[in-house]
Each structure stands twice: as C-alpha cells, then as structure tokens.
Amino acid sequence: MFNFMKRTLTILILCALIILPVAASAQFYLGVITGEARKIPIVVLDMYDDAGSPQLRSLALDVLQSDLRRSQIFDVMDPKKLDLLSPGKNEPSPEAVKRGGTFGLTGVAWARLSRKGGDLVLSGKLYDGVTGLRLANKDYYGNDELLRRMVHTFADEIVMQYTGERGIAQTRIAFVSDKTGKKELYVMDYDGQNPKKLTADRSICMSPAWSSDGKFLAYVSYKDRNPDLFGLDMETGRRWKISGFEGLNISPAWAPGSKRLAASLSRDGGAEIYIMNKDGGDLERLTFGLSDNVAPSWAPNGREIVFTSGRGGSPQLYVMSSDGADIRRITFDGPYNASPNWSPRGDRIVFASQVQGRFKIATVKPDGSEMQILTSGPGSDENPMWSPSGRQIVFSSTRAGKSGIYVMNADGSGIERLTPNDANYLSPAWSP
Amino acid sequence: MKRISAGSLLAVFVLMSMFALAGCPKKAEVSSTPEAQKVTPAPAAPAEDQAAKEAEAKKAAEAEAARKAEEERLAREREAAAKAAEGLKPIHFDFDQAVIRSDAKDVMKANAAWLKSHGKAKVSIEGNCDERGTIEYNQALGQRRAAAAKKYLVDLGISAKRISLISYGKEKPVCSESTEECWQKNRRDDFIPAE
Chain A
221 MFNFMKRTLT
231 ILILCALIIL
241 PVAASAQFYL
251 GVITGEARKI
261 PIVVLDMYDD
271 AGSPQLRSLA
281 LDVLQSDLRR
291 SQIFDVMDPK
301 KLDLLSPGKN
311 EPSPEAVKRG
321 GTFGLTGVAW
331 ARLSRKGGDL
341 VLSGKLYDGV
351 TGLRLANKDY
361 YGNDELLRRM
371 VHTFADEIVM
381 QYTGERGIAQ
391 TRIAFVSDKT
401 GKKELYVMDY
411 DGQNPKKLTA
421 DRSICMSPAW
431 SSDGKFLAYV
441 SYKDRNPDLF
451 GLDMETGRRW
461 KISGFEGLNI
471 SPAWAPGSKR
481 LAASLSRDGG
491 AEIYIMNKDG
501 GDLERLTFGL
511 SDNVAPSWAP
521 NGREIVFTSG
531 RGGSPQLYVM
541 SSDGADIRRI
551 TFDGPYNASP
561 NWSPRGDRIV
571 FASQVQGRFK
581 IATVKPDGSE
591 MQILTSGPGS
601 DENPMWSPSG
611 RQIVFSSTRA
621 GKSGIYVMNA
631 DGSGIERLTP
641 NDANYLSPAW
651 SP
Chain B
70 MKRISAGSLL
80 AVFVLMSMFA
90 LAGCPKKAEV
100 SSTPEAQKVT
110 PAPAAPAEDQ
120 AAKEAEAKKA
130 AEAEAARKAE
140 EERLAREREA
150 AAKAAEGLKP
160 IHFDFDQAVI
170 RSDAKDVMKA
180 NAAWLKSHGK
190 AKVSIEGNCD
200 ERGTIEYNQA
210 LGQRRAAAAK
220 KYLVDLGISA
230 KRISLISYGK
240 EKPVCSESTE
250 ECWQKNRRDD
260 FIPAE
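Top line first, the protein sequences correspond to chains A and B.
Here the numbering used here runs 220 ahead of the position in the first sequence, where the first position is 1.
Here the numbering used here runs 69 ahead of the position in the second sequence, where the first position is 1.
Hints are supplied without guarantee of correctness; some may be wrong.
As the list claims (entries may be wrong) - With a Cα cut of at most 25 Å, we get these calculated DSS-like pairs of lysine-lysine: (1) B:241 - A:443; (2) B:178 - B:158; (3) A:358 - A:336; (4) B:127 - B:137; (5) A:622 - B:254; (6) A:399 - B:137.
Claimed, not checked - Distance ranges between label pairs, derived from CB positions: (7) B:140 - A:459: 23 to 31 Å; (8) B:135 - A:386: 38 to 46 Å; (9) B:131 - A:641: 29 to 37 Å; (10) A:443 - B:228: 23 to 31 Å.
The set of hints was computed from the structure by calculation and includes no laboratory data.
Just so you know, even glycine gets a beta-carbon here, dropped at the ideal spot from N, CA and C.
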C-alpha cells in the first residue's frame, strides 16, 4: 500500500509539474504582439456613481474606456448598443454578465465610485463574459485629484489579467516645450493629461531619457553655456551634472536594467559614443568613426546599440555590440535615417527617415530587412520612441504647423495628438 | 485491496483539490472581499512639489530677478553681436556639410585679421544648422562647423587658446521660414567676442 501511494503521489506531482505552467500561461490571451492579433471584445457595463458626483463618474468612465482602447488589446464596445442595462448600485449578477457573453463579449468590467471616510473609492470588477466568473475585484483608495490615476491603475489591472504584462495607463511621457519662450523639460501622463514643468534653466533643454526603472531622467541643458548632460531624480528632485566636457555631451540613453548610460561626446574631436556611470565616471569609448556618431539606443537585452552615424557620407543607422565591436549598417534606403529607438520587444527599430525633404516615421528589423515607412502627409515627423508595451509609437510632428506630440499604433494607424497648439512640443520620451 | 484503493482514491482526491487550487491563483484570490489598494500620486514633479508651492512668493520674486538678469544678459549679447558685426562676420555652409566654402574664405581671413588687431579678444565660434535634420545629428554637425572654422583660424596664426566652440544645432535659427534662402542663413558659424 505504501509503495502504491508513493507511486500515485509521484505521478500526481509529475502531472502537476507538467500541467501547472500550461494552466498559468493559458490565462493570458495575448502573449506577443502580432500584426493581425484579434482584439478582445470588452464592455464597461457602468461606472456607478455612489459618490454623489456625476462629473467624477463621467470622467472616470471616459478615462477607463479610453485606457482600454489605447492599450491596443481591447475592442471596447458600447453597452447601450448591446442593450446591456446597468445593474445599479450593486455589482452585476453572473446572469447579467453572461448575457454580455452571448453578445460575444470576452470581458465585462463594472465599477463604482463611492466615498469612505475622507477617501474616494473606486471599486473595480472584471468578469469573464462566457462563464460569468469574477476575474478581478479591487478597491482603489484615493481622492478626487487622484481619480485619473486610480482609473489608470484599474485599467492596467484589466490589461494584466489578459496579457500577463504591465499596461501603459500609468506611464508618463517626458518632453521638451518652449511654452515659456525657452526650451524646458516637462512630463505628462501617457494620455497628455497633467503636464508638469520639470526645469527652470531658462536656456535650452533637450533629449530627455528615462532610466529603465523610471527613477531618473537624463537630459541635455545649455544652462552652463555648453551642451552638458544632467541627471534628474524624479522622486527627490535632485539634479546633478553627468558629463560636462567642453563641446558636445548629448543624446543620452540608459542601458536596460542598469545605472550606466550611453551618450555622444565630442571630447576627442568628433562626436563619438561612450558609455559612462550616472556620475559620468568609468568612461568607455565605443565608436571610432571618422564622422558624427550620435543618438544611441539599446537593444532590450543590453547586448547591442543602434545609433546614427555619418561615416558612410550621409546619416544612416548602424548597430554595434555594446562593447563597440561588430558594427553593421542597417539602413540603405533614403538619404537621411536618424533618431533610432529599439523596440522593447526587440523585433524592430523605429527611426526618422527623410522622404522628399521631410522626415517620416519608419521601422526596420535589426538585421536591416523589412523597412517600412509608417507616416505620410504634411510636416516633419521626428524623434520617435516606442511605448513600454511596444504596441504604440510616440513622436513629434509639425503636421499641424507648430511641433506637437503624437501617439500612433505600432502599424502607423490611429494617430492621436496629445499636446495643444499653443507652443512647440518635441523630443518625447516614454517612461517605463 | 478494496481498502487500499479507497485510501488511494481519497488521497488522489485531496491532492487533486490542492493542485486545482494551486493551479488557479487568479480565481482563488478573487474573493467577495475586494483587494484594497491605496493609489498614490505619481512622483512629484520636482519643480512643482509642495515645498515649491510654499515658496511660491519667493520664487516669483526670484523669477522676476532672473527675468531681469536674462534681459540684461540678452542686452549684453545684442551689444556683443553689434560689436562683432563691426569686425567678426558669420560664414555659411552647404547642406549637411562642414567644409569652409570658397566664398567664406575671405570672411575668415577678415575675421583672422580682426582677431590679430584685437590681440586680447577671445572668440566663441557658434555652429548652427538649418531645420532639416534631426536635433541630435544637427548638434554634431554644428560642432563640426565650429571646429572647421577654428582650424581655419589656427592655420591663419590665431592661438587655439583664444577660441572656444559651441554647437547650437538647429536651436538658434536667425530665419524661420522653410525656404532655401532662409535655410542658407541658418547654416552658419557665428563669431562672438568673449571676455
């Protein structure tokens, strides 16, 4: 008997070892981004107002639906068109959820705003449309000012349920604007809300870059009458000079998962790419080109760097190992290809490519194949960068006159403007 | 034998239940009591945090002082530019090039002569580009333009110690239209007398 039980137990453990990983991954509907991935049909049944504030309620509903749409994972349906009625103050019954399932809905979300003590509470629930089972049940505590952020957190929770990846609704975009007459650094939510000024250098600030943990921004400022590299701690506000050699100290890019960064310095004559610590120490020169080498961007595994170089007679993209070896050119079409940014998924590089005198956003595989131009129309599109999910691209464009910041899907569809037309907005950098 | 089977089946049932629970962490965590989460604001924007707000009045005064200082600085710059206009003249470049053109050579000779006759004057060479081209690549191009002019002056006998370089890329256009005439004006080196 003992032997029999032992054998049964062994078999069960083996089965469990085999089944568990499958069961875990089976919960995620979308593992990787693909061009034609079918979006998940979802509906926000209601945002019930139990806080006595119809304005907050309609804002929260609008933000939640926009977040789900912007995630590029969901097809957000209108509950009214589906003839789904709001269940009122209490969460919907499994029958009501399953009624959504009969309309082909995979996900059904429902939320309620209420007040508890001094707190505003967002109760967010997510159900499976087919079985009626509750998949997520969260209460977010905050206040009126934090409502957007509370809703963003719930939206990311929903994205996490279906993809197993962090959503982008809580991310932010750093950028440069000349709103005050001088180019200063700013940061805003990923949907263009809550812009905040970060610098008051009254000089020229440019090229913000986030560290991979989102704690630091590196940027260029002319405040000491030279283009120097600075660091800014986003939690404490502490600033420090990273690199201030006479001449260029420009185009910073933090290494993934590291406190080192690549940048272009002209201390040895021409603009060359170096790697350094966040205090500028332990300097290592990577390029020895005859012409300008700028705008490094790291592969997500940290093993390679793509950059712009004029070594071939015109600005083109090159890839090298992170020790400077094995340089290869990856763009051959077009007179001017620059400002590369490596996708966090590793599979493509986005950059600005000159087409008939104006820059358009393009992508290419790291091996130089399958170059695609994504944008068209008037104006110049520059400084593209991927969202942390790799499903969106942010860039600056002069298509409407002044330079503005725009977001589009990775395939070039769904272009949306994030900034107003009162000043120039440029050099967007999407936070991790 | 029957007894053994029953015991095994019970064990199998218990173990399967355990694994079923372990295999569905998502469902298990979704109880009727919602999971509470305190939502905190994004890290404060350093320039606009609480302390900054308290010191708003002080800041406004400082800003005003800074604005005045800036105005004075701009006035000094204009003065310097006017002074430069008497002697030091800008030179212009071809698109995406940092080669001193033949039409710039006479200007460079005149600039060198002015520097020789003003032996104590130092000069800052500011490299500039037109709007076509990326921000970062234009900064590098502007640096090369400034460096090319420095080399030219040094070859004409001006001490390298008197010359500093700065590239503004496409940040300091003197003309803002998208025409070749305007772009040509922007592709330039300015020579600013420095103390």
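Hint by hint, here is what the structure shows:
no.	hint	in the structure
1	B:241 - A:443	holds (15 Å)
2	B:178 - B:158	holds (10 Å)
3	A:358 - A:336	holds (15 Å)
4	B:127 - B:137	holds (15 Å)
5	A:622 - B:254	holds (21 Å)
6	A:399 - B:137	holds (19 Å)
7	B:140 - A:459: 23 to 31 Å	holds (25 Å)
8	B:135 - A:386: 38 to 46 Å	holds (40 Å)
9	B:131 - A:641: 29 to 37 Å	holds (31 Å)
10	A:443 - B:228: 23 to 31 Å	holds (28 Å)
The structure is consistent with each of the numbered hints, conforming to all of them.
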